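Visitor: Residues per chain, in single letters:
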Amino acid sequence: MLAQLLVSSLTAGAVYALIALGFVLLHNGTGVVHFGYGDQVTFGAYLVLIAQNFVGVPFSAAIMMALLASMALGAAIYAVFMVPLRNASLLARLIATLAIGTALREWLRAFMGPNAWPFPFLLSPAPVEVGGLMLVPANLAIIGVVLVILAGLYLFFEKTLQGKAILAACENRTGASLIGVRVSRVFLVIWVVASLLATVAGILVAPLLTLSPDMGLIAIKGFTAAVLGGFSSLPGAVVGGLLLGVLEALTGAYISTALKDMISYAILIAVILVRPQGLFGGLALKKV
Amino acid sequence: MLSLRNVRAGYGGKEVLHGLNLAVPRGAVVTLLGANGAGKSTTLNAIVGLARCSDGSIELDGVPLTNGTPDQALRRGIALVAEQRELFGGMSVSDNLRLGGLLRGRSRAVAEDFEKLLDTFPRLRERLAQPARTLSGGEQQMLAIARALMARPAYLLLDEPSLGLAPRIVDEIFDIIRRISGEDTTILLVEQNAMLALEVADYGYVIETGEITFEGDADALRGSAAVQESYL
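If you read the sequences in order, they're chains A and B.
By the count of full-length UniProt numbering, the first sequence reaches residue 288 at its end, each step adding exactly one.
By the count of full-length UniProt numbering, the second sequence reaches residue 232 at its end, each step adding exactly one.
It is worth saying that the hints were derived from the structure and are not from the lab.
Check the hints yourself; a few may be wrong.
Okay, the calculated beta carbon distance ranges per label pair [to be verified]:
hint, chain 1, residue 1, chain 2, residue 2, range
1, B, E59, A, P84, 28 to 36 angstroms
2, A, E158, B, A109, 23 to 31 angstroms
3, A, R185, B, N6, 31 to 39 angstroms
4, B, D55, A, I220, 29 to 37 angstroms
5, B, S54, A, Y265, 45 to 53 angstroms
All of these numbers come straight from a predicted model, not from anything done at the bench.
Even for Gly, the Cβ is constructed at its ideal location relative to N, Cα and C.
Modelling step: build the complete structure from the supplied sequences, incorporating the hints.
Guide: This is the structure in structure tokens:
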């Protein structure tokens with residue numbers, strides 16, 4: 001029972017980890033918590049639907065188009081909002097992210113309707129029994145995709161100089177500029193990558209939930225995962241995501257399914273009260 | 001030749017340099033002396049684009065540099081070791097150094113320079129895997145200099161390398177500066193410790209409230225009554 005529970009919880013945890021990574025990347029790079037990030041998750045999934053239903057391409061091509069379009073969206077957000085606001089107050093930039101999210105969400109409500117759309121699974125949602133555990137291929141696909149992305153990001157950030165240059169720019173802009181990093185280009189890359197992550201998360205999570213304009217609320221869980229991980233640590237965000245998935249599943253199974261969605265809010269409040277630096281963010285407090 | 005002509009520069013509308021003239025010929029070691037707040041750091045910052053230039057021109061070999069960014073200056077061969085050192089504190093000494101060679105890509109020459117610099121700064125070799133923020137002040141200064149040298153700059157701008165360091169460490173750092181200048185790197189050295197600076201420099205400028213008030217050979221500066229009175 002417990003083993004089954006842990007396996008199942010990994011699916012949700014993997015998606016939370018992806019969203020948390022997006023939050024942390026943007027926050028480290030630009031100092032902004034992107035309050036519209038959840039709406040970008042939703043928008044990414046809708047992009048697939050739009051490509052399927054209005055452009056008329058098959059599912060796989062629609063996914064490719066959605067990924068490309070979301071990269072363009074990230075670049076546009078950076079160029080149209082974040083560049084002009086780069087010297088504005090933090091509050092102004094936070095409100096801008098909120099406005100971007102609201103605009104995306106309400107555009108979807110206006111043009112795609114307020115009702116839920118069915119969204120295809122990547123693989124079959126029918127469970128298969130393997131060694132006493134019920135495994136769902138669709139969920140395994142989600143975990144697989146997330147693992148590939150995490151491995152790719154890890155290799156990029158830890159093993160390449162270009163990746164380290166991005167981390168360096170997140171830590172010290174002036175220092176990065178002095179070693180030859182074009183800091184504005186780093187921010188552009190961060191917005192593009194974070195937008196890409198949001199769309200991948202949206203595509204993965206849409207079949208599990210229902211795809212409606214308000215699906216972006218799921219991002220509160222990615223946000224909680226990021227806070228749990230310290231909000232400045234990329235590995236922390238991943239561990240926070242997986243941990244939140246497990247805690248949710250345990251709560252749902254052993255206490256009450258009604259509490260399952262509440263637990264992330266409880267964790268969010270508890271972490272902020274007791275350990276605001278998160279599980280891994282020992283440095284974050286000193287930096288402020 | 002790096003030249004500044006009638007440069008007015010500062011930060012956010014507050015002018016610090018009021019028409020500054022200065023030239024650094026290739027191969028020389030030039031020092032810029034002055035009291036706290038005279039505009040020494042601002043001069044270096046204006047060269048790489050960390051301070052805004054509102055008037056005048058900054059040129060390298062006749063091609064303007066005015067109001068670029070530090071990464072553009074580095075592409076032109078000018079590296080700044082800032083007063084704040086601007087290291088990546090959470091990253092290892094090794095990563096900091098390797099990032100210094102970012103613009104040169106991956107090549108055997110970069111790997112050789114990495115080893116060579118560790119020979120020059122043996123203390124850094126002992127601390128390769130440590131996060132930069134755990135280093136002592138002197139070691140951080142060495143890392144900042146070594147990181148800048150990884151880019152193989154033609155011009156090295158040094159902002160107060162002796163600041164806040166123990167005399168023994170300062171001697172060590174100035175030995176290294178002497179060695180670097182012997183290796184075909186042009187140096188513009190900003191210092192409060194005029195005595196030390198004039199030991200390594202060929203030529204010097206004295207800056208007071210944003211303007212050059214005196215210039216000459218190192219010997220002339222050492223002999224000048226005004227310099228002796230104020231700075232030695």
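Visitor: Work down the list of hints and note, for each, if the structure agrees.
Guide: So, going through the hints one by one against the coordinates:
no.	hint	in the structure
1	B:E59 <-> A:P84: 28 to 36 angstroms	31 angstroms, holds
2	A:E158 <-> B:A109: 23 to 31 angstroms	24 angstroms, holds
3	A:R185 <-> B:N6: 31 to 39 angstroms	33 angstroms, holds
4	B:D55 <-> A:I220: 29 to 37 angstroms	52 angstroms, violated
5	B:S54 <-> A:Y265: 45 to 53 angstroms	52 angstroms, holds
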